[in-house]
Structure formats: structure tokens, C-alpha cells
Amino acid sequence: MEETTNMKDRNETATTLTQLRLAKRSPEYWRVTFDHPPLNIFGPEMLPQVNEIMTAIETDEQVKVVVFDSAVEGFFLIHLVHRPPGPTGLHPWPEILVRLSRAPVVSVAMIRGRTTGMGSELALACDMRFASREKAILSQFEVGAGFVPGGAPMARLSRLMGRGRALEVILSAEDVPGDLAELYGYVNRSLPDADLDRFVDALAARIASFDKQTLAHTKRLVNVASLPPDIEIESGWNACVASMAQPATQQRIKWLLERGFCKPGDAENHLGDFVGQVGR
Amino acid sequence: MEETTNMKDRNETATTLTQLRLAKRSPEYWRVTFDHPPLNIFGPEMLPQVNEIMTAIETDEQVKVVVFDSAVEGFFLIHLVHRPPGPTGLHPWPEILVRLSRAPVVSVAMIRGRTTGMGSELALACDMRFASREKAILSQFEVGAGFVPGGAPMARLSRLMGRGRALEVILSAEDVPGDLAELYGYVNRSLPDADLDRFVDALAARIASFDKQTLAHTKRLVNVASLPPDIEIESGWNACVASMAQPATQQRIKWLLERGFCKPGDAENHLGDFVGQVGR
Amino acid sequence: MEETTNMKDRNETATTLTQLRLAKRSPEYWRVTFDHPPLNIFGPEMLPQVNEIMTAIETDEQVKVVVFDSAVEGFFLIHLVHRPPGPTGLHPWPEILVRLSRAPVVSVAMIRGRTTGMGSELALACDMRFASREKAILSQFEVGAGFVPGGAPMARLSRLMGRGRALEVILSAEDVPGDLAELYGYVNRSLPDADLDRFVDALAARIASFDKQTLAHTKRLVNVASLPPDIEIESGWNACVASMAQPATQQRIKWLLERGFCKPGDAENHLGDFVGQVGR
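Protein chains in written order, with our numbering: chain A, 1 to 280; chain B, 1 to 280; chain C, 1 to 280.
Don't read these hints as lab results, they were simulated from the structure.
None of the values given here were measured: they were computed from a predicted structure.
It is possible that some hints are incorrect.
[To be verified] Some chain C residues near chain A, calculated using beta-carbon distances under 8 Å:
| # | residue |
| --- | --- |
| 1 | 143 |
| 2 | 147 |
| 3 | 159 |
| 4 | 165 |
| 5 | 167 |
| 6 | 171 |
| 7 | 249 |
| 8 | 276 |
[As the list claims (entries may be wrong)] In silico lysine-lysine, BS3-like type, Cα no more than 25 Å apart, as pairs:
| # | chain 1 | residue 1 | chain 2 | residue 2 |
| --- | --- | --- | --- | --- |
| 9 | A | 254 | B | 212 |
| 10 | B | 212 | B | 24 |
| 11 | B | 254 | C | 212 |
[Stated by the list, open to error] Here are some chain C residues the structure puts well away from chain B; computed CB gaps all over 10 Å:
| # | residue |
| --- | --- |
| 12 | 35 |
| 13 | 39 |
| 14 | 52 |
| 15 | 56 |
| 16 | 73 |
| 17 | 91 |
| 18 | 195 |
| 19 | 197 |
| 20 | 232 |
| 21 | 235 |
| 22 | 250 |
| 23 | 267 |
| 24 | 269 |
| 25 | 272 |
| 26 | 273 |
Think of the CB as a built atom: it goes at the ideal place given N, C-alpha and C, for glycine as much as any other residue.
Model the full structure from these sequences, guided by the hints.
In C-alpha cells:
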């Protein structure tokens, strides 16, 4: 039986937060579900919750695998409307991504629906990504909105799919559907939507049956070979913050917001087309 | 209306050079077209022109994207008959490739026809590569002719497609058709020939509508994650020059030239087969 | 005509060892065939033979290409039952893999049948891998058996297929059939079984016709761009040895051995399924 946990206090069993849920399918296999309808926008109020989950993942003595998924039809997780950051700003975001990649637990993103901006960055910080062939759409839309992506897709996509495809994905800011995401290595595999849940669940349960120390040690050695240096994550974040301050960027974001960006409707449902119009 | 520019003097509007043309589809979106029939051989006389284009790309305040294409049926751009280099030799070549990769402008190779040797190296130095599924053939034929490739495919292909496939492409010196080029990541994608122009044009126009500073800063961060160190480019060039001096290499090149290498006909149309015969 | 050589004494022409055969198709093109029925288990007694072949590959003045294949139906090469290592232990194994990758000779794994554990590691240390689409099954099963793989798939798979797919292959310990191996870049290509021998033979003969120095220099430059630092190989081996000492690991291996691991039958024919059961 699943145990659903409120992140405010992991000892309570009641669930009061609906934006983010942690369900323990077993002590070894956890699910984190984004449930922030209608768009699964990653809002700043989610940061402390995600941070708390990260700490739990890092310190729990039993958990071996965590699957991230969505309860919102059509959206895995999307961007936040960035504002000019204050002194605390969004700095926790790149740190959370770094911690997730380095955590001694296996993380899996199960991607169904739109996965842009921070959603894509979270998926890229996970250890593996599996997508719905029909229903997944990934993108880093930021360059189209006039700013440098802040969660290090430059560092991660380059290493995942090679320089040429990474530059295309990031600089075109275009939607990437399931088939292309698989061809490019943006995701491990795209599966028929009807098979996705079963596949990811079986994989997670399988990994959860293995030895925790062996999983952690082996992942650590893959990290040595594959993770970007932290300085690249930091530089990317700083470049994002700096680009946000440009008046041209603020104008692009304003143009987008006026046309429905961050609201249900055409703008978010066709974000790739949309950012292609802002500068014309 | 397009503005076509003579590279000898960018202030003239007349076009006197036919080997290489620069056309500005808009101030932000340029096309560089190789037009050196019948084979689009990269001759040494092209180097100053390419150098001048590189300087323009690096310093122009408006250009955001440059597409490289060919006006010669059957050939995108191919090799130069290397000669034992003099004191100046071809040293500008690796430098041009390095500058193209680092330029604060997005470069796209639109590949139709044979793309070997320096043609492949130019395409690899571009930020993205799109190929005609039916009409593109890429290769690094050099090892088959007895010399180390000079324009750093060892550095770039290894990072683009992984060690195993890079070693196969480079050490087999074999022709790589569009489908295989896509599977291996030699190109971003291979498209049906009928769709290629429209696709590349739409992508270039889209990128040209984005913010120049944001494109440049974002590309710079991808460069940190993905470009080979300059020393690898330099070492490759030195190894190429050294291998050229071997008598065995000179004999292979002589054998090839006697059978039509660098002339229109079977040798160039089936270069992969051809270099497979030289040592038998 | 082929010359078959006994590794105990390369000057003898008689073949007394059946586990491993070296056949010289020509002075330039060698074949190393694993022939240790019924499972082609890599036994410790093979190490000195492989070591001797490595020395021959490194020092022979004529050999340019070496193809590794199997004479055992259903198995390319599989794991050794690891025992807690003594002072000499298996240390030669990672060293052999490093030497193979750095050898100034082109190595090709022709993969038909099960290729797990050390078999996969040997294939990954080769310069290229070609697989039977129908008959190849690759895996790193070790994590499922409770220990860190010792032959550096963490270092090599990460660079070959990217972090996400490498983590999936290694941490899931799952069987990877030919199609998926090609999609992930685990192998260069998977070919129809009926075409595999001809393809690999033609490629090897082609490379054998090229200039030995040019092959060696070019490969050396690809190595600079693509080989993991030796320290990663060493760390992986040490982590493997350490994990072997865990009581939980010994229990998993005992469970597996009791159910037919390392013997002909279901356990080895369905190893992926099998290691998925050990911890349930």
C-alpha cells in the first residue's frame, strides 16, 4: 500500500499540498508527482518542497529509485515566468538540479505532455528519461523568449546528444516531439503511450530490488565520466540572470505574456510556434 | 531582395568571384554558397575568401545565422589535392575551422551531394548539419589515401558520435550516405531532398528572428561543454602535415591522381570504393 | 591460406589451446576467436593467453586490424564467476582493456550471441563493434548480481551513448538486444545476421589495405578525444573488488549460482530476467 507524504512534515500522513506529491510505493521506490493544474507550471513556491524532497532522497536509508511524473493532462512540467531575481531569487534551482544528478539514488523522469524550460531541465538532471511517443513534447524555449536557459541544458544536452543537436534544440527553441527526442538522445527511449507506465514501473521496481550501495557506487563512477563540472551549471545560471536584465528580453517576455504565455490555451499548447513569432 | 557580395571588397555590389558567394537574405541571415564547378573542390585560392567571410561573420553587428550550401550539382564541397606544404602551407585551414565554431553567429551546413575531406571538416565545424537523405554522401577519405585528416575530424566526430562510430568513419574512409549519417549523428538530421531547402530556410529565418546577444551567449556556453581544445586541432593538423611527407603516402596519392582523383568521373563519384583499391 | 597460432608459443604451428585461437588471415589481418564451449565463459586461465595476444598486437610490425569473434553458438563471450580476489587476482583484466584501446592496431568486435560482463567490456574496449541484429544480446549484468562492474563500462558507455542511456544499461542490468544496442550506440551497427560476417570481413580487409602508420597516428588522435583517463578504469576496478567483499553481494552470487548461473540453461539464456529475481 502506498504511503503519501506531505513534504512539510514527512512524519505526517495527511497530504495538504497538491502541487507536488511524494508517494512511497515501497520504502525503496518513491514517486514524485507534479500536480499543479492547469499547466503544471513550476512556481517559486514549489522550490522549498522540491528542496525538501531532495534532502529526503539524499538522506533516506532505504530509497533506491525515484520516478518523477505528472498528474496533469498534457503537461509534465513547464517553465516559470522568470522575474528579475532578487538577492535570493531562484538560486536554489541550479543547486537542486546538481543535487539530483549527484544523489545516491536512481532518478527517472516519466515524460507525458509538454516538458519545457524548467521541466526539461529537471528531466535532464534525472538519471534516465522515458517519454510517451505520442504525448511528449520537450523543449528549451528560452532563447526564443530572449534569454539564456538557466538550468544548464547547454551543459547537459551537449553531453547527451552531441554539440550539433544540442545547439539545434537550444538555439532553435523549437518543440521536440517524442520520436525526434529519441533519435537525438534527448530521452532514453520514447514508448507507445499505452506502454509507458508499465515500462517505467517495471524498470523502477527492478532497480529497487538491487543493492543500494552497489547502485550508488556504480552511479558515482558514471557521474565521474558524464556529469558537467558544477562551474558550468553556475555559469549558465549567471548568464540567464544577466540576460533577463536586458530590455529587449523584457519586451519579448511582455509580448509573450500579452498573448497568453503561462495561461491555458494556444500559446502554451503551441509554444514552439509562438516564440518563433515574437521577433518577427 | 538579396544583396550579393564580392568577398574581395564587401563594399562593391558586383560579383566577380564564382567560387564562393555571399548573399544576404537579410542583414541577419546570410548564405555562403560554394560554386566551383565541376566538383566544388576546395582550392587554396578559396582560403583568403573564406577568411574574409569569417572576419565578416565575427565582426558584423547584425548577422545572426549563416547557412553554407552548394550551387554545384552532386557536390557540397570536397577535398583539396594536398601538396607537401610550404612554410605558409594550409595553416589557415584549421584556424578557419576553429573560428567558425567559436563565432558568435549560428552556422548551418545544408548538405547535398558529396562532402568529403575539407568539405566534411567545414560541415563539422558548423554548429548544425542537415543533409539530403537521397543526395548527401559524407566521408573522411584521407586515411584511405594514406594521410591523417588535417581538419580535426578526430576531435569533432569523436565528440559527436562517440569513439566507436568515429573510428569507423575515419579509419574506414568509407562513404557515409544520408541515412547512416543521421543514425551516427554525423548530421543532425537527414531530410527528404525535396524538403531540405524549405526546412533549413525556415530554421535559419527563425533563429535570425531571435536576440543576437542571447544566441551568442547561449552558444558560448554550449562551446564550453562541447568544443575540443584548440590543441587537438593543432595536433591533428601537424599529424596531417607529417603524414604527407611519407613516401608511401605520396605513392598512394599519385596512384589516385593517375586514376582520376580530383577530376570529374568515376573516381570522385565513387571515392569510397576507390580508396579501398589503392593498397590492394 | 590462414596460419593458426598457439598462443603458448607463437613459433609453433600446432593449435593446442581451444579456448582462444589466433588466426592470421594475412600478416595484416588477424582473427581472435573465443572457443570455450558451452558458454564462452571468460575463465582466469584465458588471461595469460589474452595477455600474450595483446603483446603480439602491440609489437607485431605488420598487423593492422584484429577482429574478435566467437566459435560458440549463442555466446560471444560472457562473464567470469568472480571470486574474492587474491593479491594478484584479476588485476590484469583492466590493464588488458586499456592496452587494447591504446594499441596501434584497429580492433573490431563481431558480436553474435550473448555478450555480458567481461564480454561486453572486451567489446567496449575494441575500436568498433558490429552486432547480429537477431542474435546479439549485450549486457552489464553485474549490478543485478550485487557488484560494481570491474571493466569500466561506467567510463566507456557514458562516453559512447551519453549519461542517461549508460545509466539505464548499467543500473538496470538488463539484456540489450541488437536493435536497441544500435539505437543506443552500444554497437556501431546491428546487421542482419546473414550479412554480419561478410560486412565485418570486408571492413577488416579494407582497413588492412591502408597504411599502418597512418592508421596508428589517426587512431592516437581519436584516443586523445575519446578515451577515458586510466584513473577511471582503475577506480572502477577497485570499486568492483570492494563491492565483491560485501556479504550481501556474496549472497546474491550464491543465489544465482544455485539456480544455474555459469552453467548452460535458463539462467544464462535469460540472464536479464534472472538477475531481476535475485532481490525480490
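Now for the hints, and whether the structure bears them out:
no. : hint          : verdict
1   : 143           : 6 Å, holds
2   : 147           : 6 Å, holds
3   : 159           : 6 Å, holds
4   : 165           : 5 Å, holds
5   : 167           : 5 Å, holds
6   : 171           : 6 Å, holds
7   : 249           : 7 Å, holds
8   : 276           : 5 Å, holds
9   : A/254 / B/212 : 18 Å, holds
10  : B/212 / B/24  : 16 Å, holds
11  : B/254 / C/212 : 18 Å, holds
12  : 35            : 25 Å, holds
13  : 39            : 26 Å, holds
14  : 52            : 25 Å, holds
15  : 56            : 20 Å, holds
16  : 73            : 26 Å, holds
17  : 91            : 24 Å, holds
18  : 195           : 14 Å, holds
19  : 197           : 17 Å, holds
20  : 232           : 14 Å, holds
21  : 235           : 19 Å, holds
22  : 250           : 35 Å, holds
23  : 267           : 30 Å, holds
24  : 269           : 27 Å, holds
25  : 272           : 23 Å, holds
26  : 273           : 28 Å, holds
Violated hints are absent here; each numbered hint is respected by the structure.
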